[in-house]
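Participant: Each chain, written out:
2 protein chains.
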Amino acid sequence: MQITDFKKIQKNIIGTSVPKPLSGTLSGHAAGELFDKHVYTEIKKQYPKQTFRQYEYLNDLYSKNPETIGHEARFALFNSPTVMFLLSRGKNATNKWNIESPFEEKQNDTADILVVKDDFYEIIDIKTRNISKSAQPPNIISAYKLAQVCAKMIDNDEFDKFSINYFEIDWLLKGEKLICENAHYVSLFQSNPETLYINWAAAMQLQFHVCDLDQEFKGNKKSWAKAYLKHFVEQAKKRADYMITKFVKPFEKYID
Amino acid sequence: MQITDFKKIQKNIIGTSVPKPLSGTLSGHAAGELFDKHVYTEIKKQYPKQTFRQYEYLNDLYSKNPETIGHEARFALFNSPTVMFLLSRGKNATNKWNIESPFEEKQNDTADILVVKDDFYEIIDIKTRNISKSAQPPNIISAYKLAQVCAKMIDNDEFDKFSINYFEIDWLLKGEKLICENAHYVSLFQSNPETLYINWAAAMQLQFHVCDLDQEFKGNKKSWAKAYLKHFVEQAKKRADYMITKFVKPFEKYID
Numbered sequence: 001m002q003i004t005d006f007k008k009i010q011k012n013i014i015g016t017s018v019p020k021p022l023s024g025t026l027s028g029h030a031a032g033e034l035f036d037k038h039v040y041t042e043i044k045k046q047y048p049k050q051t052f053r054q055y056e057y058l059n060d061l062y063s064k065n066p067e068t069i070g071h072e073a074r075f076a077l078f079n080s081p082t083v084m085f086l087l088s089r090g091k092n093a094t095n096k097w098n099i100e101s102p103f104e105e106k107q108n109d110t111a112d113i114l115v116v117k118d119d120f121y122e123i124i125d126i127k128t129r130n131i132s133k134s135a136q137p138p139n140i141i142s143a144y145k146l147a148q149v150c151a152k153m154i155d156n157d158e159f160d161k162f163s164i165n166y167f168e169i170d171w172l173l174k175g176e177k178l179i180c181e182n183a184h185y186v187s188l189f190q191s192n193p194e195t196l197y198i199n200w201a202a203a204m205q206l207q208f209h210v211c212d213l214d215q216e217f218k219g220n221k222k223s224w225a226k227a228y229l230k231h232f233v234e235q236a237k238k239r240a241d242y243m244i245t246k247f248v249k250p251f252e253k254y255i256d
Numbered sequence: 001m002q003i004t005d006f007k008k009i010q011k012n013i014i015g016t017s018v019p020k021p022l023s024g025t026l027s028g029h030a031a032g033e034l035f036d037k038h039v040y041t042e043i044k045k046q047y048p049k050q051t052f053r054q055y056e057y058l059n060d061l062y063s064k065n066p067e068t069i070g071h072e073a074r075f076a077l078f079n080s081p082t083v084m085f086l087l088s089r090g091k092n093a094t095n096k097w098n099i100e101s102p103f104e105e106k107q108n109d110t111a112d113i114l115v116v117k118d119d120f121y122e123i124i125d126i127k128t129r130n131i132s133k134s135a136q137p138p139n140i141i142s143a144y145k146l147a148q149v150c151a152k153m154i155d156n157d158e159f160d161k162f163s164i165n166y167f168e169i170d171w172l173l174k175g176e177k178l179i180c181e182n183a184h185y186v187s188l189f190q191s192n193p194e195t196l197y198i199n200w201a202a203a204m205q206l207q208f209h210v211c212d213l214d215q216e217f218k219g220n221k222k223s224w225a226k227a228y229l230k231h232f233v234e235q236a237k238k239r240a241d242y243m244i245t246k247f248v249k250p251f252e253k254y255i256d
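Going down the list, the protein sequences come from chains A and B.
If you count by the numbering used here, then the first sequence holds residues 1 to 256, one letter each, in order.
If you count by the numbering used here, then the second sequence holds residues 1 to 256, one letter each, in order.
Don't read these hints as lab results, they were simulated from the structure.
This structure is a prediction, so every number in the text was calculated from the model and none was measured.
Built from N, CA and C at the ideal position, the CB exists for glycine as well.
Just so you know, not all the hints are guaranteed correct.
Below are the BS3-like pairs computed for lysine-lysine, each with C-alpha atoms no more than 27 angstroms apart in a straight line [claimed, not checked]:
#: 1; chain 1: B; residue 1: Lys249; chain 2: A; residue 2: Lys152
#: 2; chain 1: A; residue 1: Lys253; chain 2: B; residue 2: Lys237
#: 3; chain 1: A; residue 1: Lys152; chain 2: A; residue 2: Lys7
Take a look, some chain B residues computed to stay more than 10 angstroms from chain A by CB distance [to be verified]:
#: 4; residue: Pro102
#: 5; residue: Phe103
#: 6; residue: Ile154
#: 7; residue: Ser191
#: 8; residue: Asp214
Turn these sequences into a full structure, and let the hints steer you where they fit.
Facilitator: The structure is reproduced here in structure tokens:
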């Protein structure tokens, strides 16, 4: 299932520009944020009532259910343990939520953008990239969090509730503007899980450039979840072995 | 051995202020940088000719030895494999260095400040802290890099060539100024190595607040190096075991 017409968003975004941020370096976050908002606006044009920032969705959900109090009842509003795990805030914050003090945007929210339609959650994360510089692939999602998501999908037999998508904007600075030169989109569950790179020392993040992610996986979501868990377990074992080889063995001779 | 009179620096710094940075958040790097420069100025007052930024030291060393070409010869100028390992840049950058294109400051340099006297290198790293907020302890140094340093110290029998020191500035925003409310200094080699916390998922960084580091170690540098290597190896083994417990075992049941 796919709600957003990413091809159309791509077409509408390529060639557009945002003003160069006044402060901060061009490499990172600040430059990207404006394009992030730009994509959000474009998607909201397609689905005005179904498009949210993650915190907006939570505020909307809890506001529409004012009689639902406490984290357990609020978590149950998701009708899906997996989606709840991906999108909700912590127990304490969820308990304390009220309409006078709603949630604000948080940098480590899972989704930049959520499109929610017919009980299906399309999670979209925006990655922006200064293509005049070569850069390491960005952090995508915690490999451990994704393993927990896959386990929950299997435990709850939930394979048609959500998708996770990445949209990359390639930009260049021209004069006082950042121009979008190209754009790419991928679905995580259409990539071959065996090719995913886990950077264990960088908070166990999956790292890839969106434009480089294959879309060759032919199985269903259940087989994706199983294949990912197999890959994750193999990589964790490998990393544990590597730690012994690299951080234990060479130093043992110094210990009395 | 100690060159810098840290007690005097501390006295001179407490109560001073720097202007609030115009842009950026107050939490992080930008706010700290001004105090970092402030400490540098104070130390340079004590030792005008012996105080350097790390890149300045390298530029000074290679400029004074213009006939020394190539990375091997330049590395040998340090007269200490351990200090060379801690302070030099990579082979390629060192080969390419010349007086017309000297090194510039790099964020991941080991030392913010170097005081070099009688062939002894006092490495000083400045940590700044907004005490109106509670924050995670900052990254100090790569635990692996420090293990390599300790191994080199033992291999080369070099225990009196350098020290590693941390200086913390506690500041508060008052009006348009950041005021230094307190300051702390510690020597890494006077702390008990067994208490050092290694964050394996955060680039294997040692993390502590300078003001919290004990200074109770009574042994010499050789016993410190050995005790640290014992601790590092134990922690690496523990982390490898933890990875199996946390990332392998819970997910094995999902794999066919």
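Participant: Are the hints correct? Go through all of them and say.
Facilitator: Hint check:
Proximity of lysine 249 (chain B) to lysine 152 (chain A) is assessed by CA-CA distance (about 15 angstroms); at most 27 angstroms being required, the pair is judged to hold. The straight-line distance between the Cα atoms of lysine 253 (chain A) and lysine 237 (chain B) is roughly 15 angstroms, inside the 27 angstroms bound, and the hint therefore holds. At most 27 angstroms may separate the alpha-carbon atoms for a hinted pair to count; lysine 152 (chain A) and lysine 7 (chain A) exceed this at roughly 31 angstroms. Every C-beta of chain A lies more than 10 angstroms from that of proline 102 (chain B), the closest at about 22 angstroms, which supports listing it as non-interface.
Listed as outside the interface, phenylalanine 103 (chain B) is consistent with that label: its C-beta sits roughly 20 angstroms from the nearest C-beta of chain A, beyond the 10 angstroms cut-off. With a closest Cβ-Cβ approach of about 6 angstroms to chain A, isoleucine 154 (chain B) is found to fall inside the 10 angstroms limit, against its non-interface label. The Cβ of serine 191 (chain B) lies farther than 10 angstroms from every Cβ of chain A, with a closest approach of about 19 angstroms, so its non-interface assignment holds. With a minimum CB-CB distance of about 22 angstroms to chain A, aspartate 214 (chain B) clears the 10 angstroms threshold, and the non-interface call stands.
Figure legend: structure checked against the earlier numbered hints; hints not met, in rising order: 3 and 6.
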